[in-house]
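Asker: If you're matching them up, the sequences are chains X and Z in order.
When you line the first sequence up against our numbering, it's residues 1 to 294, in that order.
When you line the second sequence up against our numbering, it's residues 295 to 772, in that order.
Hints may be right or wrong, so weigh each one.
Pairwise CB distance ranges (calculated) [as the list claims (entries may be wrong)]:
| id | chain 1 | residue 1 | chain 2 | residue 2 | range |
| --- | --- | --- | --- | --- | --- |
| 1 | X | Leu193 | Z | Leu671 | 39 to 49 Å |
| 2 | Z | Lys368 | X | Ser189 | 51 to 61 Å |
| 3 | Z | Tyr483 | X | Glu31 | 53 to 63 Å |
Mimicking DSSO-like on lysine-lysine, the simulated pairs with C-alpha atoms at most 27 Å apart in a straight line are [to be verified]:
| id | chain 1 | residue 1 | chain 2 | residue 2 |
| --- | --- | --- | --- | --- |
| 4 | X | Lys255 | Z | Lys694 |
| 5 | X | Lys134 | Z | Lys487 |
| 6 | X | Lys134 | Z | Lys340 |
Treat the hints as calculated values from the structure; they're not laboratory data.
Think of the CB as a built atom: it goes at the ideal place given N, C-alpha and C, for glycine as much as any other residue.
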Amino acid sequence: MVDIGYGLICNYLFWHAHSGIIQKRVYVSNEVDKDIIMFGSSRMAHHYVTNIIQDSLDMTCYNAGEDGQGIFLSYYYLQSLLNRYKPKLIVYDIYRFDIETDDNTKYISALKPFSRNVAAKEVVTSISPLETLKLKSSLYKYNSMTFNILECYLSKEKIDSNNGFQPFTKHFNRDIDLLEDNGNKKEYSVDSLKLAYLKKFISICRENEIPLLFFISPAYKPGHAQSFTAIKELLQSEGVMLYDFYEDHDYALHKELFQDQSHMNFNGAVRYTNNLIPYLEREINYNWYEDRSI
Amino acid sequence: MAFNSFQFWLIFPFIFGIYWLIPIKYNTVRKVFLILVSYLLYMNWKPAFAIVLLGVTLVTYSGGRLLGSQEDIKKRKRIVWLFASFSLLPLLVFKYYNFLNDSILQLLSAIGLKFSLPGLNWAIPVGISFFTFQAVGYLLDVYHKRVSAEKNIIDYMLFVSFFPQVTSGPISKADEFLPQIKSPHKFDYGQGKQGLKYLLWGMFIKLVIADRLGLFVDTVYANYIHYNGTTCFVASIFYTLQIYCDFAGYSFMAIGIARTLGFSLVNNFNRPYMAVSVTDFWKRWHISLTRWLTWQIYVPLGGNRCTKARCYLNILITFLVSGIWHGANWTFVLWGLLHGVLQVMEKILGIDPKGKYYKTLETLKPLKPLRICVTFLLVSFAWIFFRMPNIEDVFSIIGKIFTDMGVPQLSDMGGAALLMLSCGLLILCFKDLRDEFFCKRFMFLENRLTQWAIYLLLFCMIINFGVLDGGQFIYVDF
Numbered sequence: 001m002v003d004i005g006y007g008l009i010c011n012y013l014f015w016h017a018h019s020g021i022i023q024k025r026v027y028v029s030n031e032v033d034k035d036i037i038m039f040g041s042s043r044m045a046h047h048y049v050t051n052i053i054q055d056s057l058d059m060t061c062y063n064a065g066e067d068g069q070g071i072f073l074s075y076y077y078l079q080s081l082l083n084r085y086k087p088k089l090i091v092y093d094i095y096r097f098d099i100e101t102d103d104n105t106k107y108i109s110a111l112k113p114f115s116r117n118v119a120a121k122e123v124v125t126s127i128s129p130l131e132t133l134k135l136k137s138s139l140y141k142y143n144s145m146t147f148n149i150l151e152c153y154l155s156k157e158k159i160d161s162n163n164g165f166q167p168f169t170k171h172f173n174r175d176i177d178l179l180e181d182n183g184n185k186k187e188y189s190v191d192s193l194k195l196a197y198l199k200k201f202i203s204i205c206r207e208n209e210i211p212l213l214f215f216i217s218p219a220y221k222p223g224h225a226q227s228f229t230a231i232k233e234l235l236q237s238e239g240v241m242l243y244d245f246y247e248d249h250d251y252a253l254h255k256e257l258f259q260d261q262s263h264m265n266f267n268g269a270v271r272y273t274n275n276l277i278p279y280l281e282r283e284i285n286y287n288w289y290e291d292r293s294i
Numbered sequence: 295m296a297f298n299s300f301q302f303w304l305i306f307p308f309i310f311g312i313y314w315l316i317p318i319k320y321n322t323v324r325k326v327f328l329i330l331v332s333y334l335l336y337m338n339w340k341p342a343f344a345i346v347l348l349g350v351t352l353v354t355y356s357g358g359r360l361l362g363s364q365e366d367i368k369k370r371k372r373i374v375w376l377f378a379s380f381s382l383l384p385l386l387v388f389k390y391y392n393f394l395n396d397s398i399l400q401l402l403s404a405i406g407l408k409f410s411l412p413g414l415n416w417a418i419p420v421g422i423s424f425f426t427f428q429a430v431g432y433l434l435d436v437y438h439k440r441v442s443a444e445k446n447i448i449d450y451m452l453f454v455s456f457f458p459q460v461t462s463g464p465i466s467k468a469d470e471f472l473p474q475i476k477s478p479h480k481f482d483y484g485q486g487k488q489g490l491k492y493l494l495w496g497m498f499i500k501l502v503i504a505d506r507l508g509l510f511v512d513t514v515y516a517n518y519i520h521y522n523g524t525t526c527f528v529a530s531i532f533y534t535l536q537i538y539c540d541f542a543g544y545s546f547m548a549i550g551i552a553r554t555l556g557f558s559l560v561n562n563f564n565r566p567y568m569a570v571s572v573t574d575f576w577k578r579w580h581i582s583l584t585r586w587l588t589w590q591i592y593v594p595l596g597g598n599r600c601t602k603a604r605c606y607l608n609i610l611i612t613f614l615v616s617g618i619w620h621g622a623n624w625t626f627v628l629w630g631l632l633h634g635v636l637q638v639m640e641k642i643l644g645i646d647p648k649g650k651y652y653k654t655l656e657t658l659k660p661l662k663p664l665r666i667c668v669t670f671l672l673v674s675f676a677w678i679f680f681r682m683p684n685i686e687d688v689f690s691i692i693g694k695i696f697t698d699m700g701v702p703q704l705s706d707m708g709g710a711a712l713l714m715l716s717c718g719l720l721i722l723c724f725k726d727l728r729d730e731f732f733c734k735r736f737m738f739l740e741n742r743l744t745q746w747a748i749y750l751l752l753f754c755m756i757i758n759f760g761v762l763d764g765g766q767f768i769y770v771d772f
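Chain Z extracted, bound-state conformation (with noise of 0.2 Å):
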């Protein structure tokens, strides 16, 4: 069930009572009360879901008791292998077969050979990706000693399938959300508010900009064979401007969620197109995958403990990893590569943000604008891969967005939507600029009067301005 449908909020203030008027020191039936919750609202989208989910959580639980009991380090490195394949076996099953079968057999086919396998017509579970993710995580951290074995069964349970996070994430690490789990907390007004605001803000980027530009990204997108290239230009940039809005605002909502519930999820987002490079912009957008790549693929690998081109190897993997997590599409592998290979010319250039040229830029403060600028677009240019379904599609738009000017066809979106549009997008500029750059100006914003204020102009344009019919998460599909 999504956040943004009725239907949740409907449900939610009662999970949020029975949550709270469960005693203090009943902590487990709490627990137990969450994972219900979690699991009933899992198998909302369909029920058989709920198998791989909790097959993915016990198998990893078993791993981590039986690595938390064995010191043997050949004996741990294999239960490790073992048990972290059967957790990605489904992953692998639900999200890649079709693609490894359908690559393979294009292959065989180029060579001569005739060889089929049949497809498979089975629905991805909903979050695999996300919950995989974080399983397997906990998995590698008892392995490497990072955290010690969970040995309690319902701990472990809520900590894979805690449902404001187990669709799109944030991916939690063990560490820091396995002892929220375990302490019993009390209703704290200043976090319960402070989940709210999140919640709000959550909803006005989703519903109000990400929802309303989607709109027109996907009517151009659809068919962008009827628009000239600085058409398809607007609606590159509309999509990366989506995609945030899209993701960051899930991820609000979530660690909104959770905050009203007790618990602090980690900040998925911070500005990221406020990034000064393609590496900056990796330390600020879905900030939990980034932090499981780095210490589960790329630190393992080496990571920058190694010559320069092992190092540079190692990112390349890295970023292959996530172009395949995020999909399963030769679109998607290009995607990652992209950001790797982007990450590498700043390595090389030095300008990365260990890079001895970085401090130099960094005192040259009228560069910023334009490294923002520079970073805004060769990331938009890279989401044009994520977009698209097909290599073919990715090079005809970039094409055309080359060779085709021409004055923008935005008549299709409609003056009334590109006025609604513009209201949240000049909010959220304000609010993005104003927390990276002019955090202590415009004082007069934190006065309680005109924070309640905003808080009603918000949930106004949120109810008036958003498109509340049939909207969906992107991540969602992951």
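Bound conformation, chain X alone (with noise of 0.2 Å):
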């Protein structure tokens, strides 16, 4: 009864959240319509300036990155917004994790709570197969997420005032040049499950004739980041552009351009967006699927 009771409570306090990353997640799930969709990680939602595209552009854009997310999460996102309008055009910034082995279990909190959607429990049962057990609970299906929940519902200040791109504002204070290179030091292995859903994204995409970009931005201490190797055969074996700004001598060692080792603050986003906007101008301009054979 608790359980229950919890759950009702939660559904619609989550469902009806005003702010934050809960209303940034339903929003993207259920509402979004704009011509352009951008998904990745942290590195996405802080490196893409969606006003500078959308004005250059003259079209609708949204940045649904975020921080600690990556290929699951994108892929559900996708067919999501599928079942409801189809974009002109969708920006994928891939980075390590996308593809590196780590613990995937981490990736379930984000779409435990859209669970009773497809994807989302395709998604979430191939990760872990006992879940679909376990999401029986609401106690468990908002794991962590209590206080978030209330904050985002009670909060009225709303994070799409930028359409999702979240400037890093804040000045870094420690020196940047202490940090570890950001390159690849250990030893990586392909996480099979990743691989195969950035596959299915591929797919997902081609079918329905979207044209897709891949987007790797800059680093401020790039390093030599063996896994993109992997990343750039991928993509090039199923036909995909893929951008590479990882090592651009442009950002790479610009203090003034980043908030930390691995993520430009706004200056950089700014700088990164304009150079970008050519790119985005000719894919968008391109017969995508009559051109390119795939």
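Since each chain comes alone in its own frame, lean on the hints to assemble the complex.
Answerer: Written as structure tokens, this is what we have:
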């Protein structure tokens, strides 16, 4: 009874959240209808200034990037929005953990509240088959989210003011040069499940004839990212365009553009987004599925 | 298979049910069933590990049998040395080979000798430190004639491999656990209920507190250069709480599971952070290991029945062994030695429990909170050695704590996480303080309805606040 009662309350608060990450997830899942949708992790959320893209391309745009998330949540979002409409362009900021093996159970949290959706359930159960059983409990479904849900429901501030873009405005006051190199030091292995969902993501875009672009946005001290080789090989074999700015000298080692070793600050994001516009324009104008053999 | 995994909780009702359905007159069948379950659960980590467990079991069993049939002192000594060495060999090879290899190579390199031996890239069998000490402890008890040699291989196999304790303790003594294994027992509702209470409390402090703290501690310690010294200090306090809740949580779960099956394991934790001295701390922390080290290392060295200088040396050696047992790294060695040094200093100052000023201090009740705080800070400081991967990082972080003050950067934790953690810590503090100082107060909490409300609250907090994805016991690496 406690579980059912809690579930009813949390369900209502979750789906009626007014702000914060909960509101963003519900919006992307149920409401977004922009021409350009951008997916990815924190590097998408903090690097791609949607207002610049909107103004430059005269198209609506939404940045669905989220800290700590990647292909699993993006796949669910894609499936979810395709139930309502077809975007004119999808942009994905890809990073090492979109393909490297790590603990996939940490990605389940964001998807659990959406588990009634077929795509969300598919992802969750492919990561952990026993989730079907566990998700019978509302206390479990909203695990670690109670206070977040309350905060997002009660707060009036909306994260949507930048169309999903989350600028870093605080100055990073630590000496960024003391930070470790951002390159891969450890050996890595490709996660077969992430790889499978990445391929599915590409395949769905192809089936729906939605132009799809991948970017690797800049890093402060790039180092040698071995897993990017695997990403590039995969995207090449799938016939998808990838633009790699990871080691671009216009950004690397430019302290004034970075919040930390992996994330640009607002100045960096503005410069980067302005540089992206020609690539986005070209992709929109390109007759994607007739002119490019897959 | 970890106790906080969903898979374990799908399986355990069957283990419980089948165990108690086996009639009491077939006690041997019950024991064989538990051995099978224990080995299957152990093999879930990695099947090959079971060979090590079985090997240590058989070697110490054989050694015990030989000792039991041998009266000649010299021969008994040779037997115990031989079999103890064989039993400790897997532990030395799996856990310490690379450490010894690297240390020796560094030493030789420092004096200009270049020499290399290949390293081992073998995974360490889970719980090897625990079950090896338990088995070797039995062997030494037989040698010292504290217990008679166990003849029943089934009983002995269960003693070593009993699944609630094999991966992370408590380390049981033969004279307290073997008799329980031998005597058939009926299901006792009271004992079962006690077991479930231990289980619930263990899961609560592990999942709601330890794992939540771990998210912040891991973030700060992995990138301590990013953070100011005050944040590092907060992280070190959090780690102090994390390791207690993690290890005690596991121990309570192990005790709880064992109780539901009718077995009583030694309580491993007795509110260690309420200790008034480091000596007192070790009577409350990892009690089973302290007990093992006392009986198998400290007492045979002479204990305190010798000169003061020798007694101090015995303490240092005992805690050196404790440090080494905990891990194959110089940080653990220093951690152990630090605890040894602190206890020696307490003895010198006469403030240990047997010291000349102890009773005086005990009468000065207003001093008690200060003594507890000082002990807590000393132990927290020592935990930095335990947690960091190398000595350079230890001293870097200590240096930061004392020189780089600032506002604690807790934003990385998130407000919601802090709130969940605060709820958990409040409950823990209330319970431990009540049990330590006010056990006869707040008696309304003993009311049946209140008790069930508390159980329900803890259960809901575990499911809703607990870190249910990917948490793992710290001590399972030992």
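Asker: All hints, please: hold or fail.
Answerer: Evaluation of the provided hints:
Taken as a hint, the range 39 to 49 Å holds for the pair Leu193 of chain X and Leu671 of chain Z, whose Cβ atoms sit roughly 45 Å apart. Our hint of 51 to 61 Å for Lys368 of chain Z and Ser189 of chain X holds, since their Cβ atoms are close to 55 Å apart. At about 54 Å, the CB distance of Tyr483 of chain Z to Glu31 of chain X agrees with the hint of 53 to 63 Å. For the hint linking Lys255 of chain X to Lys694 of chain Z, the alpha-carbon distance of about 24 Å falls within 27 Å, and the restraint holds.
Between Lys134 of chain X and Lys487 of chain Z, the direct Cα distance comes to roughly 25 Å. Compliance with the 27 Å bound is thereby established for this hinted pair. A threshold of 27 Å between alpha carbons decides the hint, and for Lys134 of chain X with Lys340 of chain Z the separation of about 26 Å falls inside it, so the pair holds.
Comparing the model with each numbered hint stated earlier shows that all of them hold.
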